[in-house]
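Protein chains in written order, with the numbering used here: chain G, 1 to 661; chain X, 1 to 318.
Wrong hints could be hidden among the right ones.
[Unchecked claim] Once the Cα atoms are required to be at most 25 Å apart in a straight line, the calculated DMTMM-like pairs of lysine to aspartate or glutamate come out as:
| id | chain 1 | residue 1 | chain 2 | residue 2 |
| --- | --- | --- | --- | --- |
| 1 | G | K613 | X | D29 |
| 2 | X | K216 | G | D312 |
| 3 | X | K229 | G | D657 |
| 4 | G | K400 | X | D309 |
| 5 | X | K73 | X | D105 |
| 6 | G | K400 | X | D105 |
| 7 | G | K613 | X | E215 |
Worth flagging that the hints you see were computed from the coordinates, not collected in a lab.
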Amino acid sequence: MQRIGVFVCWCGTNIAATVDIDTVVEAMKYEPGVVHASDYQYMCSEAGQSKIKQAIKEHNLTGIVVCACSPRMHETTFRKAAKAAGLNQYMVEIANIREHCAWIHKDRKEATEKAVVLARTAVAKLNLNTPLTPGESSVVKRALVIGGGIAGIQSALDIAEAGYEVDIVEKQPTIGGKMAQLDKTFPTLDCAACILTPKMVDAASHENINLYTYSEVDSVGGFVGNFNVKIRKKARSVKADICSGCGICTEKCPSRKAENEFNLGLNKRGAIYIPFAQAIPNVPVIDRDQCIKFKTGKCGLCAKVCPADAIDFSQQDEIVEKQYGAVVLATGFNPIKLDNFDEFGYSQSKDVITSLELERIMNAAGPTGGKLLRPSDNGHPHTMVFVQCVGSRDTTGCGKTYCSKICCMYTAKHAMLIREKYPDVDVHVFYIDVRTPGKNFDEFYRRAAEDYGVNYIKGMVGKVAPTNGKLLVQGSDLIADRQLVIEADMVVLATAIEPDQTAKSLATMLTASIDTNNFFTEAHPKLRPVESPTAGVFLSGVCQGPKDIPETVAQASAAAVKVIGLLSKDKLMCNPCVANSNELLCNGCSNCQHVCPYGAIDYVEKEFRAGGKTSLRRVAQVNEAICQGCGACTVVCPSGAMDLKGFTNQQIMAEVDAICR
Amino acid sequence: MQNADREINKEKISVAEMAKQILEQGRADRLMGWKRGEFFYDNSPAVFENLSELDDFVYDLFCGSNLSKFLVKESRKDGKIAVLLKPCDRYSFNQLVKEHRIIKDNVLPVEIDCDGMLDIDKIRALGIKGIKKITVDGDQLQIDTVYGPKTCAREDVLLMKCLTCKDRVGGDRFELVKEIEAMSSVERYEFWRSELSKCIRCNACRNVCPACTCEKCVFDNDKSGIANKANTDSFEESLYHMIRAFHVAGRCTDCGECTRVCPQNIPLHLINRKIIKDLNEFYGEYQAGEDDFSKGPLTRFDLDDVEPDIVMERGGNK
Numbered sequence: 001m002q003r004i005g006v007f008v009c010w011c012g013t014n015i016a017a018t019v020d021i022d023t024v025v026e027a028m029k030y031e032p033g034v035v036h037a038s039d040y041q042y043m044c045s046e047a048g049q050s051k052i053k054q055a056i057k058e059h060n061l062t063g064i065v066v067c068a069c070s071p072r073m074h075e076t077t078f079r080k081a082a083k084a085a086g087l088n089q090y091m092v093e094i095a096n097i098r099e100h101c102a103w104i105h106k107d108r109k110e111a112t113e114k115a116v117v118l119a120r121t122a123v124a125k126l127n128l129n130t131p132l133t134p135g136e137s138s139v140v141k142r143a144l145v146i147g148g149g150i151a152g153i154q155s156a157l158d159i160a161e162a163g164y165e166v167d168i169v170e171k172q173p174t175i176g177g178k179m180a181q182l183d184k185t186f187p188t189l190d191c192a193a194c195i196l197t198p199k200m201v202d203a204a205s206h207e208n209i210n211l212y213t214y215s216e217v218d219s220v221g222g223f224v225g226n227f228n229v230k231i232r233k234k235a236r237s238v239k240a241d242i243c244s245g246c247g248i249c250t251e252k253c254p255s256r257k258a259e260n261e262f263n264l265g266l267n268k269r270g271a272i273y274i275p276f277a278q279a280i281p282n283v284p285v286i287d288r289d290q291c292i293k294f295k296t297g298k299c300g301l302c303a304k305v306c307p308a309d310a311i312d313f314s315q316q317d318e319i320v321e322k323q324y325g326a327v328v329l330a331t332g333f334n335p336i337k338l339d340n341f342d343e344f345g346y347s348q349s350k351d352v353i354t355s356l357e358l359e360r361i362m363n364a365a366g367p368t369g370g371k372l373l374r375p376s377d378n379g380h381p382h383t384m385v386f387v388q389c390v391g392s393r394d395t396t397g398c399g400k401t402y403c404s405k406i407c408c409m410y411t412a413k414h415a416m417l418i419r420e421k422y423p424d425v426d427v428h429v430f431y432i433d434v435r436t437p438g439k440n441f442d443e444f445y446r447r448a449a450e451d452y453g454v455n456y457i458k459g460m461v462g463k464v465a466p467t468n469g470k471l472l473v474q475g476s477d478l479i480a481d482r483q484l485v486i487e488a489d490m491v492v493l494a495t496a497i498e499p500d501q502t503a504k505s506l507a508t509m510l511t512a513s514i515d516t517n518n519f520f521t522e523a524h525p526k527l528r529p530v531e532s533p534t535a536g537v538f539l540s541g542v543c544q545g546p547k548d549i550p551e552t553v554a555q556a557s558a559a560a561v562k563v564i565g566l567l568s569k570d571k572l573m574c575n576p577c578v579a580n581s582n583e584l585l586c587n588g589c590s591n592c593q594h595v596c597p598y599g600a601i602d603y604v605e606k607e608f609r610a611g612g613k614t615s616l617r618r619v620a621q622v623n624e625a626i627c628q629g630c631g632a633c634t635v636v637c638p639s640g641a642m643d644l645k646g647f648t649n650q651q652i653m654a655e656v657d658a659i660c661r
Numbered sequence: 001m002q003n004a005d006r007e008i009n010k011e012k013i014s015v016a017e018m019a020k021q022i023l024e025q026g027r028a029d030r031l032m033g034w035k036r037g038e039f040f041y042d043n044s045p046a047v048f049e050n051l052s053e054l055d056d057f058v059y060d061l062f063c064g065s066n067l068s069k070f071l072v073k074e075s076r077k078d079g080k081i082a083v084l085l086k087p088c089d090r091y092s093f094n095q096l097v098k099e100h101r102i103i104k105d106n107v108l109p110v111e112i113d114c115d116g117m118l119d120i121d122k123i124r125a126l127g128i129k130g131i132k133k134i135t136v137d138g139d140q141l142q143i144d145t146v147y148g149p150k151t152c153a154r155e156d157v158l159l160m161k162c163l164t165c166k167d168r169v170g171g172d173r174f175e176l177v178k179e180i181e182a183m184s185s186v187e188r189y190e191f192w193r194s195e196l197s198k199c200i201r202c203n204a205c206r207n208v209c210p211a212c213t214c215e216k217c218v219f220d221n222d223k224s225g226i227a228n229k230a231n232t233d234s235f236e237e238s239l240y241h242m243i244r245a246f247h248v249a250g251r252c253t254d255c256g257e258c259t260r261v262c263p264q265n266i267p268l269h270l271i272n273r274k275i276i277k278d279l280n281e282f283y284g285e286y287q288a289g290e291d292d293f294s295k296g297p298l299t300r301f302d303l304d305d306v307e308p309d310i311v312m313e314r315g316g317n318k
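Let's have the full structure, built from the sequences with the hints guiding it.
Below, the structure written as structure tokens:
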């Protein structure tokens, strides 16, 4: 029989205001196994902890239940306190009577009743607890960064600077990401390429950084400290080690039908191409869907003109298998598709463009050489309309419910740059709200509106109708309370951003969580913002939520610090709450093996002796170093042979019984 | 249906002749089939070890029982055993091979034809008593009784599982499930309460179920704490059947043996069919035992698997 102590925390008024502490303490005194129950204002404080330690010694306790906040907050605190008093730290159970009870109930009687139930549930479980000892596992001192945009580059540079090896996997032929496509950056208006390309060069030349461009993560196995990752290096059809990057092949390629993705389809590129001048690596790639050689077998002009003989039409995808101690997700974003927003005429007129397309038009290396030209006729526009919140803050279900955060600022930037360069162009901006929290952000916006004469109109655009080569923009001005029709030459849509589509499959591979919008979820929104709930997986940049460049870089460095902290350890404590198989009950059916996300279960043929007979049976065995204690195997096991230490089937049943009592 | 390394009756000889040939030619050391019972309608599964034992061999209209489950033990014995598998039994066989319960190398599966097996209780329910002999006459049955000859439609007296035979097209096996789904939660509870309270806990359903082959059943394992959950109140048997349905979920081939053997005539297969129907709707059509290698819907994860909010989409807890 256990000797259990129950400690009920007030959490100041957080719990005590809604839950009658005395009732809980009194009720616990009569629970089976309980020999001591007390309360304190702040159990997590030094004084609270010493009360626990004292009671453990005084009452010779074998286990403790702390009724307090979520175990995510203070489970470690109380485990340490129990350990200091000589208890096994897994003889500690937390009853969460704050988040699960006090905070969500208003009625004191109801909340108190529930707190009693939660407490006795923890007692029922603790009665069946057994001391557990964590094992140790090693740490592979290498990090993987998935995504080679500014977030991934910054994380990689910081990790590499600390002396650890880093691999960047980027699915595009070059690193640089979205920032490479931008023209100027707010609020300082420095050129994006000028500040990004030095970092790209740093990353490429760093002795600790290894780039896998035009590559994707195929599969991830293992766990924190020991991830086993298969990287697919897609066939470039160009031998990267021989190619000098002279670019003759890209000039001579006769196929000119492919849309230039880097310029968002505003112009064409060859079938063999380098995305942009400062691309890293400066090695072309053959788009096999477009290449005449691949389509018809004839051509091969690039191979003929290549002075280095680097073209290799027979190149195959290559799979590289590597181990990593930590993974940083930096998969970034894309503007949403505008199919649901046909009222803005994006599909009907070339002169309705997205903001990212405008970045390319404004960029000196873009399709127009940096001249502001109407895409339909290359004419000079005289009136431009910007529409903000296209697909953002949308509750109709057509777009995204969240604020994309960066659009107010880049629209102000676009408007300002256009007014600066082409003072003859009238610029109107339709907005719902202008949101400018950030250092020097509001000053920047006011400069656009006040000094540069950008016409900000509070209201939304209802329709953009292409008429006689012009765009009739119908919108409402909510402040003047009137309907407006503006005859515009170009309309720019501040399109909402969404996580890159690879986020979902990566989340599955890494068992990292994503929210309903496919943004990766952080372990704690305030206190652990760069860690994923999965140990060893960290978040960098927009893949975690919309943010601008300074925020992205700050988060990238924060994620890097977390990675460095992890890689600097030689050993990690393993979670002792792992599965184990009762071989006498095991049927050998393989169901557990099928559902194990970590590949921790193997089957062996084993001899069993019963009733004087020896029989050979197929039974499951768990590799405790790989098992992460998710419990999927215990659920699928028909005979109940699989059980999870610390969360045994019996313990869970005892909890349910305690709730239903 | 997968046909690799299986015996198929190409010459269309009688099943009894096939059985004889297998033992005669030494293609297997033993043969699993059906043995004549005390009455002509109570044939039972049997293992035949030599030709003389085959005198009792029978394959007729009353060989409904599924032989697959016996192979869990039989395939672990020395030597090779041949087993006669009706179309419906093959699914159970495959499923058990998939779960490594049957040691495939020790078994010679022999596929045999079946036109549907008869339910003696259904014939008696038509008021036909003193039955001496039954012969098939097209879609009619000629029944020789002590009260003179009688006839009835064959379709009317087939076993429940034969009505929705996987090898016959037509008929919606989920028809009754849909009716139960359409009930309110109170009506549904009452329906199952009235059915399941008939249960006498004879365990026949579990003992016959080809998906119930655990080394030690949770209901026989005191330590599992599950047995006493099924014995806590007057309505105890409902939990027994629900726990069993969940234990075989995704693995049940819908062979219908549970309902065939139930002495209280509880339509137990409907619980399994409800789960099969849900699995089909959630994860796409799946027939357990269709092959002996694929992962079932509950032991597989695909990116487009339903999210838990499907419960809300389907109207939540009506």
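Consistency of the hints with the structure:
1. In summary, the hint linking K613 of chain G to D29 of chain X is supported, as the alpha carbons are separated by about 22 Å, within the 25 Å threshold.
2. Between the alpha carbons of K216 of chain X and D312 of chain G the distance comes to roughly 61 Å, so the proposed pair goes past 25 Å and is violated.
3. Distance check on the hinted pair: K229 of chain X and D657 of chain G sit about 10 Å apart at the alpha-carbon level, within 25 Å; holds.
4. A hinted pair counts as satisfied when its Cα atoms are at most 25 Å apart, and K400 of chain G with D309 of chain X qualifies at roughly 19 Å.
5. Simply put, K73 of chain X and D105 of chain X have alpha-carbon atoms about 14 Å apart, close enough for the 25 Å limit, and the pair holds.
6. For the given pair, K400 of chain G sits about 57 Å from D105 of chain X by alpha-carbon distance, which is inconsistent with the 25 Å threshold.
7. In summary, the hint linking K613 of chain G to E215 of chain X is supported, as the alpha carbons are separated by about 15 Å, within the 25 Å threshold.
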